[in-house]
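K.L.:
Chain by chain, the residues run as shown.
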Amino acid sequence: MKSATVATGRGTVWVLPALVLVVLVVGGGVFTAALQSLGLMPLVGEPALSFDAYTALGDDLWRSLALTLSLATVSTALAAMIGLATALSALSGSRAPLVAAGLTVTVPHLIGAAAMGLLLADSGLLPRILGSTDGSWPELVGGRWWIAVVVEYAWKESAFVAIVLAGTLATRVAAFDETAATLGAGRWARLRLVTLPLVRPALIASTAIAFAYTVGSYEVARILGRPYPEPLSIMAVRLFTSIDLAARPQAAAAAMVATTLTVVVAVVAVHFLRRSAIWR
Amino acid sequence: MIAATAGLVLGACTAPDSDSRSAESLPWSEVEEQARGQTVSLWMYGGDEQGNAYVDDVLAPAAADEGITLRRVPVESTTDAVNRILTERQAGVTDGEVDLVWVNGANFGTGKQAGAWLCDWTQNLPNMQYTDPDDSLLNNDFGTPVDRCESPWHKAQFTLVYNADAIEDPPSTFEEVLEWAQANPGRFTYPAPPDFTGSVFIREALVSTSGGIDKVPAQFDRETYDRLAPVLFDRLNELAPSLWREGTTYPQSSAELDDLYAGGQLDMTMTYGPATLPELVSGGTFPPNTRVLTLDEGTVGNASFLAIPSTSGQSAAAQMVANLALSPEQQLIKSRPDVWGQFTVLDLERLTPDYRQQFEGIPASPVVPSYQELSAGAHPELSAEWVTPLDEGWRRNVLAGQ
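Same order as they appear, the protein sequences are chains S and C. Per the working numbering: the first sequence = residues 137 to 416. Per the working numbering: the second sequence = residues 1106 to 1507.
It should be emphasised that the hints constitute simulated quantities derived from the structure, not laboratory data. The reader is advised that the hints may include incorrect statements.
Claimed, not checked - Sample of chain S residues with no beta-carbon within 10 Å of chain C, all distances over it, derived:
1) Ala202
2) Met217
3) Ser259
As the list claims (entries may be wrong) - Reference excerpt, derived from the structure (chain C facing chain S, CB under 10 Å, subset only):
4) Arg1194
5) Val1198
6) Asn1212
7) Ser1241
8) Asn1245
9) Trp1349
10) Arg1350
11) Leu1385
12) Ala1489
13) Val1492
14) Glu1497
15) Arg1501
16) Ala1505
Unchecked claim - Distance windows between CB atoms, simulated:
17) S/Val180 <-> C/Ser1432: 33 to 39 Å
18) C/Arg1441 <-> S/Val180: 52 to 58 Å
19) C/Thr1144 <-> S/Val180: 44 to 50 Å
Heads up, the beta-carbon is just placed ideally off N, CA and C, and yes, glycines get one too.
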């Protein structure tokens, strides 16, 4: 017991430099944004506490929150399913999907989004090859359903989920799985009773990360989306770079709402992680 | 990074004063002396490849001959540079990352309002003698008095561009363009403001729906806005169902609009920099019979400038570069269509006969007529105070309204 405590203490010391940096940069940024959103850090004029920045955005803020939440939920759910399927296929011997996932992870989202745009936009490569540049091409890029955006996130994040899950599967699950098989468990029983419970913590952690990333991400929705309604991150950047200096507190307000959403998801994820067997 | 964050946190509760900084009044020879060996970071919009090539291959070597290192920093939008300067001001930085910015309009106005620019220096530039001191485009930048806080660089003219293969009988007024769009559903659209080009389009539409530039006061006032803007938004809403994707959405940038035009989805596009068109046509990006659409009532013109941030520690060299950029030699090279094709800010009457002849001898391209023809009947920009209310009003009434 004592040695475990010492080990934990040493572990804490090792992560301290990274932790200090993250807390200073992220904490400083969030603190500044909070001050700006509350009118305590104006670019011109006297500081005064107010919630004007939040109320000034009106319904648009709620619409953006709903859009952000839907985009993140749908693309993360798709990423979780595809990622899990990819990792499981690796367990059953086929390596190709996992190699594809490994390659995908190295592609930056910006490049991914630009490539999706070149491929799927109205003047893109696919409609040109298929000869539907006359307006018959479905509205994938900039369309009402944000399809290109969801596809890009689902593609990139499923690769991330697959890599994380495959790591877990390779270390522990394979052995347990074989043991269960020798004890006569069928395929379905092994998946339900052995594999899924064991990958659950990794699945929760990786989808929570993917979700948080999607909420904060800017470039994909900017390149492949439409101007209205807009996700919170785009709203924040648009207002921050507005030529109207008075819009800056509103930008900070949009950023604070996105941050809160991310924190809530992280708390929920940690709650479920704590309840899972691996944590104890 | 940590220092910057800490600086922001410490400076959290004090807003910097908004007075602008004046340049030290020094004889030009002394500025030249100070400038030698300094490095100037020129922050400019990076999406114009001819512009990038001009600065890298022509202007920077010329600056190097004067003992100055010119470093081009590409930005997606000039607002990024202004925001950087404002943040540096907030953090009390005196030798900032930005020494020179290619700027005009609202970005200049906002920066001036927040004291971001160094002022009282352009009158010392030797090459200012070649500009017309009464040229209103050079004295007022979108209605903001220039006040010696930025030195002129180019002139520009907003132009609509069309594919002559698709439109045999092009419209000749702005209202006719809108009527043409309604008669040809799905073949026209415009970028969503706050995109710069989209924002100009909205202001041109305002001028048209208000009955001409004389009916729109250059200085903003709420009462006039409340009278004129509803007519504009009604007209644009009436137009919307005939636009690309039935006006349910709009391209987010002028680059996206250009892509649609290049791909044949649209028959018209628009630009504030017609200089780049010949290159786009000869390179095969735009249809071969792309032409500039000149309107009877003229279009809006402006000038763009080089400004020195008040946070620059290299302001002597920055002044030298601004002076160099204004020289007849550089202005001449820059205005050649194969170099950058940017219209000169110099007054040809004030040049030596030799230079005047060379400027007049610049070959016109079949795509873009000469500046004289392009700027016929041109009107100046409305004041920068118009921009945000119109952009926001459009967002609420046209974009979100459907």
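K.L.:
Each hint needs a verdict: does it hold in this structure or not?
P.N.:
For each hint, the structure was consulted:
Here S/Ala202 stays apart from chain C, with its beta-carbon at least about 14 Å from theirs, past the 10 Å limit. The Cβ of S/Met217 lies farther than 10 Å from every Cβ of chain C, with a closest approach of about 29 Å, so its non-interface assignment holds. Look at S/Ser259: its CB is around 3 Å from the nearest CB on chain C, not clear of 10 Å, so calling it non-interface is violated. Annotation: interface hint on C/Arg1194 holds; nearest CB of chain S at approximately 9 Å, less than 10 Å.
Proximity of C/Val1198 to chain S is violated relative to the hint, the smallest CB-CB distance being about 15 Å (cut-off 10 Å). The interface hint given for C/Asn1212 holds, since its Cβ lies 6 Å from the closest Cβ of chain S, which is under the 10 Å cut-off. A hinted interface residue such as C/Ser1241 counts as satisfied when its beta carbon comes closer than 10 Å to some beta carbon of chain S; here the least separation is about 22 Å, so the hint is violated. With a least beta-carbon distance of about 17 Å to chain S, the hint placing C/Asn1245 at the interface is violated under the 10 Å criterion.
The interface hint given for C/Trp1349 holds, since its Cβ lies 8 Å from the closest Cβ of chain S, which is under the 10 Å cut-off. Contact between C/Arg1350 and chain S, as hinted, is supported at the beta carbon level, the nearest pair being about 7 Å apart and thus within 10 Å. Because the smallest distance between the Cβ of C/Leu1385 and any Cβ of chain S comes to about 14 Å, over 10 Å, the interface hint for this residue is violated. Against a cut-off of 10 Å between C-beta atoms, the interface hint on C/Ala1489 holds, since the closest Cβ of chain S lies about 7 Å away.
The restraint placing C/Val1492 at the interface with chain S holds, with a minimum CB-CB distance near 6 Å, inside the 10 Å limit. Taking 10 Å as the C-beta cut-off, the interface hint given for C/Glu1497 holds, the closest approach to chain S being about 8 Å. Against a cut-off of 10 Å between C-beta atoms, the interface hint on C/Arg1501 holds, since the closest Cβ of chain S lies about 9 Å away. Nearest Cβ of chain S to the Cβ of C/Ala1505: about 5 Å, under the 10 Å cut. The hint holds.
Taken as a hint, the range 33 to 39 Å holds for the pair S/Val180 and C/Ser1432, whose Cβ atoms sit roughly 37 Å apart. For C/Arg1441 paired with S/Val180, a C-beta distance near 43 Å fails the hint of 52 to 58 Å. The hinted window of 44 to 50 Å between C/Thr1144 and S/Val180 is violated, with their beta carbons roughly 31 Å apart.
Hints 3, 5, 7, 8, 11, 18 and 19, counting from the list given before, are not met by this structure.
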